[in-house]
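Undergrad: So you can see what is in the structure, the chains are spelled out below.
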Amino acid sequence: MRDAEVRRLWAANLLCAASVVLTAVVPAFFLDGFTVLGTHLTWLCVCSVCVGTLNVILCLVLKPSLSPKRSSLGNKISRFLKCCIYFFMSCILFHAIIVLYGAPLIESVTETFLFAVLLSTFTTLQCLCMLGPNIQAWIRVFSKNGATSIWENSLQITTICSILGAWFGAFPIPLDWDRPWQVWPISCSLGATFGYMAGLIIAPLWIHWNRKQLTYKSR
Amino acid sequence: MRLRSGVLAAGCLLLQALGVAIFLRGFFPLAVRARPRGGPRGESPPEPAPPGPGTVSNWTKIPPPLFKKVVIVLIDALRDDFVFGSKGKQFMPYTTQVIEKGTSYSFIAEAKPPTVTMPRIKALMTGSIPGFIDVVVNLNSPALLDDNLIWQAKTAGKRIIFYGDDTWVKLFPKHFVEYDGTTSFFVSDFTEVDDNVTRHLDRVLKREDWDLLILHYLGLDHIGHVTGPNSPLVGPKLREMDNILKKIHISLLSKEGEASLPSLLVVCGDHGMSETGSHGGSSEGEVHTPLLFISSAFEKRSGPLTQPELVQQTDLASTLAVGLGLPISRNSVGNLILPVVGGKTMREQLRFLHLNGFQLSRLLEENTPAYEKDPGYEQFKIAEKSHGNWIKLYLEGNNSEILMNLGKKVLKQYLEALKTLSSSLSKQVAQYDMYSMMVGTVIIMEVLLLLLLSVPKALSSRAEFEVPLSPSLFSLLFYLMCLVLCAVHVIVCTSAESLCYFCSMSWLTALGVMMLISALMCGILSAIGKILENSRLPVKNPVVSSSSWSEVDVLMLAGTIGHVLSLGASSFIEEEHQTWYFLINTLCLALCQELCRNHFLLKECDPQHGTSLKQNFDGIREASDCKNIDVPASGNSKLDKVASSAEFIKGSDKWLSLASPWIILICCRLLRSLNRTGVQWAHRPDFGHWLTSSEHKSELSFLAAVSLVMIFFLVQRRCSLVSKIAMALGLLGVYSYRAAIGNVVFPWQHDSKDISKGITEARFVFVFVLGIVFTGTKDLLKSQVISADSSVKSTGLWEVYSGLVLLAALLFRPHNLPVLVFCLLIQTMMTKYIWRPLKFDAAQITIMHYWFGQAFFYFQGNSNGIATVDVSAGFVGLESYVEIPAIFLTAFATYAGPLLWAIHLLCYLSSEVSRNAAAVGHGCFCYALMRSIPVAIYIVLVTGLRYHLFIWSVFSPKLLYEGVHVFITAAICLFFTAMDQNHSQKVQD
Ligand SMILES: [Zn+2]
Ligand SMILES: [Zn+2]
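In order, the protein sequence lines correspond to chains R and V. Here the first sequence is numbered in UniProt numbering, starting from 1 and rising by one per residue. Here the second sequence is numbered in UniProt numbering, starting from 1 and rising by one per residue.
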C-alpha cells in the first residue's frame, strides 16, 4: 500500500517536472521566435496554464485528498467557485508581496502579475487541489508535524522550495552583468520554477529516506 | 578576571576601532608624495647635450611663454556630451562653431575618481592624482602645499585673477591679485553663483593688467545636483555659458596685436555628472569632461570633425606650464598635449617634450628604488640620446628634410616614453602600506575571534565572561610572542623602502600594540582550550542545537552571513540597500508567520501537541541542569512563548498585532520610493526629487509640517511635561529654520524671497536639543545616585532619545522628515505589537534593531558612495565652517538611522530588564558582534581586492563608511555599558 503510494507520488511529480520542461521546449514549434528569455511573458502564461491543468487532472485522477464524500452538484460548484476566488486572491496577495519587496508599482504590472500567477500555480493551486478551500487544513499542513500523508509532505516541500527559489532568484538582479536573464522578473520566475522542480524531486527522495520516522497520525 | 558581556563588548569594540584606525591609516596613505616646493632642484634641465666635443646647445633656460594671456573657464560638472553631443549643438552654437571650424583643439579629458570638485581642481593644477583621502578632507580645504601651476605662475610674477568657487581661494591663499570667491553653500541657487562671476567679466576683459584669468562657474553643478542632467534648466545654462565664452573669445581676439603673442582660452570641466546629476563615482558621465583649447595661434581645422581624442585631466597642468613658460610642477604625472604646441618649430617641440620627460623621470627616481629598470625610464633615456644626436645635426646645419623626418622619429620616441612613464607613475599612487594594514587586520580578526568564542558565555543568563587575563599575561607564550613580534617589527621597519605609518610611530606605542596583539592571542588560545575542555564532557544535547532554532533565527543567521558574503561583489556594495530592504522584508514576513502561528496555535493547538512541546522543553531544561550549564535564554523564552500564547492579547489588539507586519512592510515600501539610492536604479524618478523640485514647494511644506506634528505625537508620550513643551517648541523651530533658508514656505508669506542662513532659528533648536538631552541625563543620574526607581531611568533614556530625534529633525532635509516619522512609527508598532507579545530574547531583538537601523541608513538617502553625504548638515546653525561641530553634525546626520535604532534598542531593553536582568548586556554584546563581523570580513576582502578596478570608486568609500560606523558603534556600546552598570549596581545594593 505504502510503496504503491510512493510510486504514484513519483509518477505524479515526475510528470509535473516533465511538463515544466516541455513548456520551455514545445511552444517553440508552434510560436515563431519563442524562447523562455525572449518571450518570457508567453512562457509564464504557458507554464502556469500547463502546470495548473496538469495539477487539476492529477488531482482528479489520483484523488490524494482521501475525501470521497459524495456531495451534491451545488456543493461541488460552490467548492469550485471558492477555489477560483482563493486562487485569484492568492495571485493578488503574491502580487502585493512582490511589490512590497520592491517591484515597481506601476511599470511592468503585467510581468509582476504573471509572476504572481506562476507562484500561485506552484503553491496555492496545489494546496487547493489537495486540501480544497479549507484554511484550517492549510494551517494544519503548514504547521510543524502537521502532514498526515506523503502527499501533504510533498506539498509542503514543493511549496517551500518554490518560494525559496523565487526568493533566491532575486539575488542576481543587482549584479551589473547586463545579462538578459537579469531583467525583471525572469530570474525570479526561473528561480521559482527551478525551486518547484527541485521540490518535486526532493519530496519523494526525502520521503524515501525518512520513511522510518514518518508515522502519520490517523485523522 | 570576570567581565560582564556589556563591558567585554565595549572593550572589544574599542580595540577594534583602534585596529580599524591603523588599517585605514595604512590603506589611505596621507599625501605620499607631497614634498615641499622650491627645493634644491629648482633648476630646469638644459637641452640634451649633443654627443662629441665642440658643439654645445645654448638652450639652457626654460623656454619663453607661448601665450600672452590665458583664460581658464572651468564649468563645474561640465560633461563631455554637453559640449560635443547634441546638447552642445543645440545650446552652445558659438562653441560648436569654434570647435568645428575655428582655431581650436578639442579633447575629452578623463577625470580620475573621486570625481569631486576639490581633488579635481588639485589634479588640474598640480597634475598629480590626489589620494582618496583628499575627499574626506574636502570639507575644510587647507592651502595646497604641493608644487602647482598657480604657485609657479605667481612666483614667475604673473598676475592672476580668479572669480568663482571659493575652494580655489582656500587652496591658493594670497595667490590671486584679485578674486571674488562664491560659496557653493546653497545648492539650490542656480543663477547668483554664476552672476557673481560674470559681473566682473566686462571690466576685467577691458583691462590689460593680468596674465591669467580663472573663472569657475558653479551653476551647472547645482542644477545637476537638484534636477539632474536632463532637466530643462540645463539648456539655458549652457546657452549662458556659450555667450560668456563668445564674449571672452571675441575680446581676446580683438586685443591681439600683430607683434605680441597670441592668447589662449581653455574651457574645461572639473568632473561630469551621472545620470542622476550627482558626482563622485566613476561612471562614464562622471569622468568624461570636455577640454577645449582655443587660440589664434592654432591652425584652422581642415577636414571633417573627428571624435575628440581622450587625454588625462592631469595633462592640462604640464601643457599650461609649457604654454606659460613655467617649470612643470614636480608631482605632475601628466603628459604634454602636443597639438597645443604643434605650431612651434621641431626644436622647440622636442625641447618641451624633453622638459616633460625629464620631470617625469625625476619623479620616478624619487619614488621607485628600481627606477632604472622601469621601461618608461629606459625609453626616455634612449629618446634623450637620439635627441642629442638630432641637436648635433641641427647645429651643424643639416638638410631640413632629413632633419624633419629624424625629428619626427625622436618626437615619437618621446611620446612613447612619456606615456609609459606617466602610466607607471599613476599606478604608484595606489601604493598600500601593507605592514600597517596587516597589523590592523590582525587586531580586528583577533577581537572578532574573541567575541565569537565568548558567545555562549556572554549570552548566558549570567552574562558574564571569564577572561583569563592574569595567567596568560604571565605565561611564557605571551613573552615569546611579544619577542617574536618585536623582532618582526624591527626587521620589517629596517628593510622597508617605502613609507610605513606603523614604523614611524614611537617604539613605545609599537611595543604597546605588539603586547596587545599577543595578549589577545593568548586570550583566544585559552578560550579555545576551555571550550575543548568543556566539550570533552560526555553529555551532549542535540536537542538544544537543532530544534530550538525558529524560522526567525535561521533567517537572522542566514541574513547576517549572506550580507557579509555579498560585500565581496562590487555591485552588491553599490546596491547594498537592496540587500537590507530584502532582508527586513523577509524578516517582517517571518514575523507575520510567527504571529499567525502564535495566534492560530491558540485555536488549533490540541492539548496533546502542547504537552509534547512542554515536555520537550522540560527535557532541555533537565538536560542542561544536569550538565550544570546555564539554560540558553532562547530556550526559556520559547517556553514562555508557548505558555504566553494562552493569555495572548485579545480583541482589536490581536488584529492590530496581526496587521502590524503588513503596515511595517507598507511603510518600508513607501520609504524605499522616497529616496532611490545606489547606482543602477538611482536615476529612476523618486518621491524625494519630486518634492525637492521648486514647483512642489507647497507640497513639501505641507509634508514637512505634517511630519513634524507626527514626530511630536509619536515621541511625546513618554516624556515629562517640560520635555514635551521643549519638544514642541523645538519642532516649531525646525520648521521656521527650514522656512528661513527657503526650503519650505509659511502659508501666510508666499512671496518673500529673503533667504538667510537661518542661524538664529537653528541655534534656537540647538538650545532645546541640549535642554532635552540635559533633562534626560539628569534623570539618568538621579536614578543612579538617589532612587532605585527604574521608571525614572526609562524616562531619562527616552528623553535622551527624543532629544536626538529633535536634532535629527533639524538636520534632515525636509523631504526626509517622513523617514523620521516612519522610524518612530515602526519602533512603536514593533514594541507594542510584535516584540512584547512574541517575547523575543534580547539577542533577537538586537539583531532586528540592527537590521532596521541599517535599512534606515539607506532609507534616508545614503548610499555607499561619497556623493550622498549631506555636507550641508555640517553648516546648520554655523556662520562659517568650524571643523569639530561640522564633522559631528555631518556624522550624526549621516548615521542618524542606525543611531536612533540603537538608542531605541537601549530604551526597549532597559524596560525589559524586569523580565531578563541581563538584557542590556546581551543587547550590547550582540550589537558589537553584529558590527564587528562585517567590518572584519570586509577588511580582509578589501585587502584581497586592493588592485580591483573599482577599488577607489566602490570599495574605498564603503571602507570609510564601515570604519566610521565602527567608531560610532563603539561610542554606542560605551553608552550601553554605562547604562548597564547602573542597573547591576542597583541589583547588588
Ligand atoms: Zn565640481
Ligand atoms: Zn557638485
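Treat the hints as calculated values from the structure; they're not laboratory data. Where is the CB? At the ideal position from N, CA and C, for every residue including glycine. Take the hints with a grain of salt, since some may be wrong.
Said to hold, decoys possible - Here's a subset of chain V near chain R, in silico, CB distances under 8 Å, partners left out:
(1) 568
(2) 571
(3) 572
(4) 578
(5) 581
(6) 597
(7) 665
(8) 666
Undergrad: Now, for every hint given, state plainly whether the structure supports it.
TA: Hint check results:
1. 568: violated (12 Å)
2. 571: Cβ of residue 571 of chain V sits 5 Å from chain R, so the hint holds.
3. 572: Holds. Min distance 6 Å.
4. 578: holds (5 Å)
5. 581: holds (6 Å)
6. 597: holds (7 Å)
7. 665: Holds, because the Cβ-Cβ distance from residue 665 of chain V to chain R comes to roughly 5 Å (cut-off 8 Å).
8. 666: Where the cut-off is 8 Å and the nearest Cβ of chain R is about 7 Å from residue 666 of chain V, the hint holds.
Checked against the numbered hints above, the structure breaks only hint 1 and satisfies the rest.
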